[in-house]
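Undergrad: Chains as they are written, first to last, in our numbering: chain X, 1 to 233; chain E, 1 to 483.
Check the hints yourself; a few may be wrong.
SDA-like cross-link-like pairs, simulated, lysine to any residue; straight-line CA separation at most 25 Å [to be verified]: (1) E:K174 / X:R200; (2) E:K174 / E:P238; (3) E:K174 / X:D191; (4) E:K202 / E:V129; (5) E:K174 / X:H190; (6) E:K202 / E:A45; (7) E:K202 / E:P239; (8) E:K174 / X:E94; (9) E:K174 / E:R220; (10) E:K174 / E:T146; (11) E:K174 / E:I43; (12) E:K202 / E:Q125.
Just the calculated beta-carbon pair ranges, DEER-fashion [unchecked claim]: (13) X:F84 / E:S386: 54 to 64 Å; (14) X:I229 / E:D140: 48 to 58 Å; (15) E:S386 / X:V183: 17 to 27 Å; (16) X:F182 / E:A331: 25 to 35 Å; (17) X:C228 / E:D130: 40 to 50 Å; (18) X:C228 / E:S394: 44 to 54 Å; (19) E:T274 / X:L43: 51 to 61 Å; (20) X:L71 / E:N265: 47 to 57 Å.
It should be emphasised that the hints constitute simulated quantities derived from the structure, not laboratory data.
Quick reminder that beta carbons are idealized off the backbone N, C-alpha and C, glycines included.
The primary structure of each chain is shown beneath.
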Amino acid sequence: MTRPLWTRLNLLTRLTLFLVLCLHAALGHDVLPQLLLCSGLLLLLFASGVAGPHARLLLWAHLLGLPATVLLFIAIGYEAARSFSGAVSWGLVEALRYALRIECLLLANLLFIGITAPLEIISLLTRPWIPPGVGTLLSTAVRFLPLSLAEARRIYDIQRCRGLRLRPWAPQSCLPVIVPLFVSQMCRAHDTSVMLVVRRIATITRSPSPSKFGPADLLLLGLALASCIPILL
Amino acid sequence: MVSHPQSAHHPLDERSGLIRTWQLAFQPAGADAPLLQDISLHIEAGERVGIIGPSGSGKTTLALHLAGLHHVALLGRSSGSLWLQGRDCTCSGSEGFAGVVLQNPEIQLFGETVEEEVSLSLQQQPADVDRQSELRRWLDLFGLDTVRDRRVATLSLGWKQRLSIASMLALEPKVLLLDEPTSYLDEPTADLLFDLLAVQSKNAGLTVLVIEHDLPRLTRWASHLVAMRRGRIAFDGPPTNYPPPQPLAPPSRVSEPPRSASTANPLLSLEGVTFAYNGHGTALDNVSLSVAPGEIVALVGPNGSGKSTLLNLAKGLLEPDQGRISCGSAAPRMDAVGLVFQNPDSQIFAHSVFEECSFLPRNQNFPPDEVTTRTRQALSQVGLQSQDERAPFSLSYGEKRRLTLASTLSGRSTVLCLDEPTVGLDRDCLAQVAATLNHVSAQGSGVLLATHDHEFVRAVATRVVSLRAGHVVSDTGPQGDIV
């Protein structure tokens, strides 16, 4: 069976694409390009088949927070404009820009995590020129991301069984999910770092399936780097 | 508890033996009292050591010291002396001395597929080792060859536990520490694991340290038993000298509920339920089951047989692809069925035990007075009525598990479902949970529990339903053979 293109790409290509996308999301200012980028990433996420329940939950959680974000920006706009209409028009645009930026970063992260096995990322982080301590720390963080998504979903289900209803206008309604998530992730971070030491993951310096740069890699790398020129200029 | 006199080793003997401790103590950072005190132990290579004791007695802290990982895994000060392979490791520890398998298998797996996971360990073997044949050997030993291409994320917890143990053994450590390795394993797999550990110990000289609550199993398997109580060694010697545990009290009922009741007015009824996870085959196939008032129904079966799926369907977290699930009460299934999950840390969030326990009745819109009454009743049922002002995070593991049970009992559910209620609990906590379940069923509620613990099933269940590969294969009374 032929593997999809995105899983055949070299790990460095995927990482470069991810970083370039993050750069565009973080530094881009115009709404239209951001909207196009967001739509493209959303399409890619679903096309690559990595939009599992955890990813969807995270996206929904972000969308649930949108009304509060809009209100916050309108309030900030009122401080500056001192008129309600000015505050609304400024606040809506800024809130949209902010939401798109966060959504793009979120989608790029989900996409990268979804199409890259944790071990591949760990192998990249445990090179001889990276100090073992830093490699272990970064590897823990990388291993942590997919587990955190799964744990968030599990905790949400548990609290749903206890009658939890998330309300976008009441951020404190998220506490029954956030507090156990934080506590359990602290414990998991500790256990994961211990296991990384015990299994001597940091001593593995080779990728389990090293792939070479192909024409697709070169093309995408070129496009990604070219797209950075306007930002750098 | 029989207190075996600890062997009084002279400090000069510390270099002999594989693991030797002399008056070892450990005080966690910021704590007033030590967690371990006066630990003097001597473990030879190839020994099979069982470590038992109530929750919070210091078993894991001791085991991490014996594995030379205390400096990595614990924050605090170790004193006395700890010698591993003739080297003083009291302060420095000894990375690479022991392999460790923790209770939660998910955090110790780093590969994408089963094969890749085991290969990851084999990559650290010397270059002259035939890695392919080693890979086949470990996969065969643990019955993982049938799932070698499966993604790790799609495996059940039981399979993940097997995989994590296989991956650790593939590193070929001299000492292997397993912290409650059977938590997610069915009985045959747990037996297989302990047989395998015994063989490795005999043939390869592997020293195995196992923390486990299942005393009968440990007594059969171990060559050396260490019992902990309040941070000290309460027993150290051959398991045959250790007093057998008191059996869990059987349910004290006047009479078992009539079987006709289960068909006449069931509190929960599943009819021809079929369910499949996306792309992972059928989890349940045409399952019919009912729970009547006063019944305690135990679901047993091997890993991946569909027990937890059935509970999630009963609760309403999943919807069946085919078939029908109904409740005896008019309330929605989400309210009528209570589900107690395994890990208390996944749900505790409030600042007091009372607040935590009252979360469900408040969400079910009971009036404030009734919320208070229900919460107090539920806390009293699990023996936590005097702890209502305490911060839940400061409770012991056993108390947290009882709090999660109370948090579900405080709602309006008529059927109580429990997923692996015995995991990680010592015998005192087990007796408390058994008494609570008996009390709940005596009040006319139904109980449906999924467990691997056959002793607990015999102690509390009025009916045992065996599942295998998503099918009900038997439905018997508690004294019948568990399939």
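Undergrad: With reference to the structure, classify each hint as holding or not holding.
TA: Okay, the hints, checked on the actual structure:
1. E:K174 / X:R200: 15 Å, holds
2. E:K174 / E:P238: Distance of about 22 Å is within 25 Å: holds.
3. E:K174 / X:D191: 21 Å, holds
4. E:K202 / E:V129: 22 Å, holds
5. E:K174 / X:H190: Satisfied, since the Cα-Cα distance of roughly 24 Å is no more than 25 Å.
6. E:K202 / E:A45: 10 Å, holds
7. E:K202 / E:P239: 18 Å, holds
8. E:K174 / X:E94: 61 Å, violated
9. E:K174 / E:R220: Judged against 25 Å, a Cα distance of about 22 Å means the pair holds.
10. E:K174 / E:T146: 28 Å, violated
11. E:K174 / E:I43: Satisfied, since the Cα-Cα distance of roughly 13 Å is no more than 25 Å.
12. E:K202 / E:Q125: Satisfied, since the Cα-Cα distance of roughly 21 Å is no more than 25 Å.
13. X:F84 / E:S386: 54 to 64 Å: 55 Å, holds
14. X:I229 / E:D140: 48 to 58 Å: Given range 48 to 58 Å: holds, Cβ gap about 55 Å.
15. E:S386 / X:V183: 17 to 27 Å: 24 Å, holds
16. X:F182 / E:A331: 25 to 35 Å: The hinted range 25 to 35 Å holds for X:F182 and E:A331, with Cβ atoms some 32 Å apart.
17. X:C228 / E:D130: 40 to 50 Å: 47 Å, holds
18. X:C228 / E:S394: 44 to 54 Å: Since the Cβ atoms of X:C228 and E:S394 sit about 51 Å apart, the hinted range of 44 to 54 Å holds.
19. E:T274 / X:L43: 51 to 61 Å: 34 Å, violated
20. X:L71 / E:N265: 47 to 57 Å: This hint holds: roughly 51 Å between Cβ atoms.
In terms of the numbered hints stated before, the structure departs from hints 8, 10, 19, listed from lowest to highest.
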